[in-house]
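Going down the list, the protein sequences come from chains A and P.
Residue numbers for the first sequence follow the numbering used here, so the first one is 1 and each next one is one higher.
Residue numbers for the second sequence follow the numbering used here, so the first one is 1001 and each next one is one higher.
Read the hints as simulated data drawn from the structure, not as lab findings.
Keep in mind it's a predicted model, so treat the numbers as computed, not measured.
Glycine included, each C-beta is placed from N, C-alpha and C at the ideal position.
Honestly, I wouldn't trust all of these hints.
To be verified - Straight-line Cα separation of at most 20 Å, EDC-like style, residue types lysine to aspartate or glutamate; simulated pairs:
1) Lys16/A with Asp55/A
2) Lys16/A with Glu1821/P
3) Lys16/A with Glu68/A
4) Lys1158/P with Asp1464/P
5) Lys1158/P with Asp55/A
6) Lys1158/P with Glu1463/P
As the list claims (entries may be wrong) - A partial selection of chain A residues facing chain P, derived with a Cβ cut-off under 10 Å:
7) Gly33
8) Gln34
9) Pro47
10) Glu49
11) Asp55
12) Phe63
13) Asp109
14) Ala132
15) Gln185
16) Leu198
17) Leu209
18) His227
19) Val267
20) Leu270
21) Val275
22) Thr276
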Amino acid sequence: MLYDIRLVIAASYDQKVPFARHVLRLSPRDRPGQRVVSTSLTIDPPPMERRDSLDFFGNQTSFISIAEPHTALVVRAGARVEVTAPARLEAARAPAWEAAAAAAAGVADLSRASPAHFLFPSRIVGPDAAIAAYAGESFPPGASVLAGAIDLMGRIHADFTYDTEATDVATPPAVAFALKRGVCQDYAHVMLTGLRALGLAGGYVSGFLRTTPPPGRPRLEGVDATHAWVTLWCGPDLGWVGLDPTNAVLAGEDHVVIGVGRDYADVAPLDGVIVTNGAQALDVAVDVAPVGEAAAAR
Amino acid sequence: MREAAAQSGQDADLFGPMAAFLGGYRPLPGAADEMVDEAGAIRGHWRGFVDALRRIGHPEILRRFDATARHLRDAGVFYRVYDRGEGAEHAWPLNYVPVIIAAEEWGAIAAGMVQRAELMDRVLADAYGPQTLVAEGVLPAAVFSGSPEFLRPLVGVKPRGGRFLRLYAADLGRGPDGRWWVVGDRAQAPSGAGYALENRIALTRTLPGVFRGLEVERLAGFFQAFRRALSALAAPGSAGACLLTPGPLNETYFEHAYLARYLGFPLVEGSDLAVREDGAYLRTVEGLRPVDVLVRRLDGDFADPLELNAASEIGAPGLVQAVRAGRMAVANALGSGLVESRALLGFLPRLSERLLGESLKLPNVATWWCGQAREREEVLARLDELAIAPAFTANGDGPLRQGAVAASSLSGAERDALAHAIRTRGVDLVGQEIVRLSTTPIWRNQQLIPRPFTIRVFVAATEDGGWTVMPGGFCRISTDPDARVVSMQQGGLSADVWVLGANGAEPPSLLAAPESAALRRGQTALTSRAADNLFWLGRYLERTEATLRLVRAALVRASERDASVEEAVNSLIGMLRAWGAAPGGEGALLTPAAAAAAALGRGDPGSGVYAGAPALMEAARRSAAAIRDRLSPDAWRTINDLAAGLAEAAPVPASESDYLDRADRALRLLAAFSGFAQENMTRTTGWRFLEIGRRLERALCVGRFVAALAVRARSDAAIDALLELGDSQITYAQRYFVTASRPAAIDLLMLDATNPRSCAFQIYHLRRLVERLPGNPRGEAPTGPLRAALRLETDLSTTEGGEVDEDFVTRVDAMLLEISETLSARYLTDRGRPASARPREG
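Sequences are here, hints too, so could you generate the full structure?
Here it is as structure tokens:
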């Protein structure tokens, strides 16, 4: 499926910001199952400096500095991306979760896709006894790692209420878990907390979700902003598998990856440092439409 | 103990008059002791020291120990403990007895430490470089990737100058077998070297003859080598090596300021740095100045909110890119904390063979990383003999919150939970052999008793690519006889470490006292932040003084029943109310005692008092704390005494004379500080900002005094109060024989540039100070603060006493505030907070 993606992030500040530095992570790259035809990125006011590079995990990253005093920042990102549906996975063929955990701990690989990076506490995903116990119920001894993860994903989807008001961008997983509410970011962080508690290697995926479902399929949650889901290392043969707990589906033809990290902090679409004493507000709009289909009205 | 003394007649004899506190000294069961052997006899290399103590004798020793304690307090040596609120500063707990190590034994330690520094440097070079250790299966990837100090943005970045480590340290302890063991590595930003220096200075002051007689190795050469190697990395024209501190609230801030002073490196905070393109710059009062070498005392992860921890408010955005571009050397390299992991310890013997082709000279405490099946089973099988510790961080959760814990010391439930954690997430944990540490004498209740200790030994990279070991160290002693984990945060002692000179060593010069002198002098770059703090220190001190003078003037008139005096008193109190030193409120008059209670009180929330003298002085102290490297110990102590004196609770009920005493005491200390600033501070740009702050605030205050007491009020009593506030009664009396002429008083306090308390005098000096600030080239039209100051000066010099009215004083006030604002805009820091909203994902 070929998509045209458009995203606008608009920040506004109560007081003039004299100098700002930002990190932007908004451009998809080629990955297995995903081919990027083109990307674009425009920034207003125009930055004094801009440096584009790949971060450690291979995500496209732009560092910008804005030196003129401004009260608004508008970032527009566009991309045309082709996504191929992944092959059907046989959960039963995946190794036992204990074996997957042991393999991840013993792996002799420090490269960007190595599960070794995704085993440990990260800035947002840390140890939590309650989530560990909850996740453990999906992984009886000897269970297939993928079957366990699919079960956990389904339980989170069933037990949680999608609620954009209950949490915010900084809500820790423990709080979202106690509320059993939140948005895709919270769902993904809770699931990662559970997977890592078992010694499994789990990553956080930031990306886009097709805005309007194909005819006859329900509209998915998480289309009004960038989306987030989980990627799990299922042993050396299966490798990484994407799971979307917000929608209880494996990541597939509707999911476009922007970046992968240990949690949101590694892949925040917009981050940075501005010096201000005033308040600030952010607005995000996203449209992901198959090429040729009329874009959703916005 | 008594039994031991009786059986050791020889020692009782040796101790002589010291027997009272040395005679009962016996090693703890099962632990070796540094000073005495198994039989209780003094070890050879301690005899000289013990003999010397004996010669000095009992009462004299106590006198000297007291003098040392006083010195440390006066020098302001402290550390901060976090578990009590904001982190109180604590007196430095120095043990007056050093740990003494013989030359040969030290030689073996030094060789082992050099080897270990080299090994750690190579491990880092591999982890951030080719990663062959992982690829070849020498190390599991998770041993690196599990460390929060494996800073991924630095992978593939070669440090400027080649070395990852510039200062490395390890904590060593002696086991019961007599060998020295490494109990922990410090590779990130080792603390303690400055404290070792301060301990040395304190102890050589206590026991100068003893120190010289024993030919103890000096420390200065080590610091010179460290400094030379770093300065060599700095390009000509840059600000030179700077010491990067997290700031005054850090537990070891004293040490940062102390080392910066000693090494002659500017002390900078993250907010002092600006990165443009690929270069880093220091924000100074002269504009951006290139900086290319940072000795960091903050954790690597906090160094750059842009590429590392976004939550850091103490880093410099963009610093990683400056490092990546090869424009910035950070010592130790960002990410060096990686080799502090306990997970690495068990692999070190193998890594030493692999990377150096040598066996490890200093053994580690035996350690098993539970991320591997065989090691995990071993730890589970021997759980009750071992300590369990976090594999990658100093402290963990639950029972591991203090770091290592002996599994046998836990309750059944805690122990089971720990075993479960080892089974499910063994990657996070290690098991370690429990080493019983040797003991050294500490001074307690006028007696020496043995207590376990560790020594932090420091290794610095030298200019020629080698390593040098500090001949001494930072010793920490537990006050608990059974302690296995020694931490200052848990209330231990610290001690100096004396390494005795090798035979035939040059006799040290009696004149040389290199440890007490800074290695370099001269004007270092003045950062905008330091200038800001100096400016505000000046303003806060002056405002404190004005507040105290108002309180005093009101109190001495409290018993007067004359209506015009009462009116003057109400004007005085009105000024206190106007600047937040006394509660506001319409109508209700305050008595002088009530106003004094408020202005000298702590200012409870809701009382409307936010700028009483204690609050102002606390603000002054905070400004001073941020620039401690620029203040003399005497000046700093005066500020501390002032803040502490004013913060003390007043007696209840307090009389007017209690308040007067309090105000008088504080005013005397303020005068003392002015003396230090005037007599002992070199006329650098930094001093100018302090002076500008004082002059500006004094001009503001005097202008307001005149407005309230000679423009708005007009009585003789008011003029009398004005002259008292302006310390000008004597001048006035000499000049004018009549009492209380309003125009004469206005002239004296507002316009007479020869009266050091007048507004015009302040402005004259203010203008001259501002003129000498950077960026005011002669012959060019003045701009900004200088222009404002010149205008004001002209205004004052062309005005006569009779022309001073409400409009005039209001204009002077406004122009002074304009000088303050333009000065801030041009030279000082932007006081905003770093922040950026992040978009939520759906």
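Do the hints match the structure? See the list:
1. Lys16/A with Asp55/A: Distance of about 30 Å is beyond 20 Å: violated.
2. Lys16/A with Glu1821/P: At roughly 18 Å apart (the allowed maximum being 20 Å), Glu1821/P and Lys16/A satisfy the hint.
3. Lys16/A with Glu68/A: holds, 9 Å
4. Lys1158/P with Asp1464/P: holds, 19 Å
5. Lys1158/P with Asp55/A: The hint holds at about 16 Å.
6. Lys1158/P with Glu1463/P: With a Cα-Cα distance of about 18 Å, the restraint between Lys1158/P and Glu1463/P holds, given a limit of 20 Å.
7. Gly33: Violated: closest Cβ of chain P sits about 20 Å from Gly33/A, beyond 10 Å.
8. Gln34: Violated - the Cβ of Gln34/A stays beyond 10 Å from chain P, reaching only about 18 Å at its closest.
9. Pro47: violated, 12 Å
10. Glu49: holds, 6 Å
11. Asp55: holds, 7 Å
12. Phe63: holds, 7 Å
13. Asp109: holds, 6 Å
14. Ala132: At 8 Å from the nearest chain P Cβ, Ala132/A passes the 10 Å test, so the hint holds.
15. Gln185: holds, 4 Å
16. Leu198: holds, 7 Å
17. Leu209: Holds. Min distance 8 Å.
18. His227: Hint holds; His227/A Cβ to chain P Cβ min 6 Å, cut 10 Å.
19. Val267: holds, 9 Å
20. Leu270: holds, 6 Å
21. Val275: holds, 4 Å
22. Thr276: With Cβ-Cβ at 5 Å, under 10 Å, it holds.
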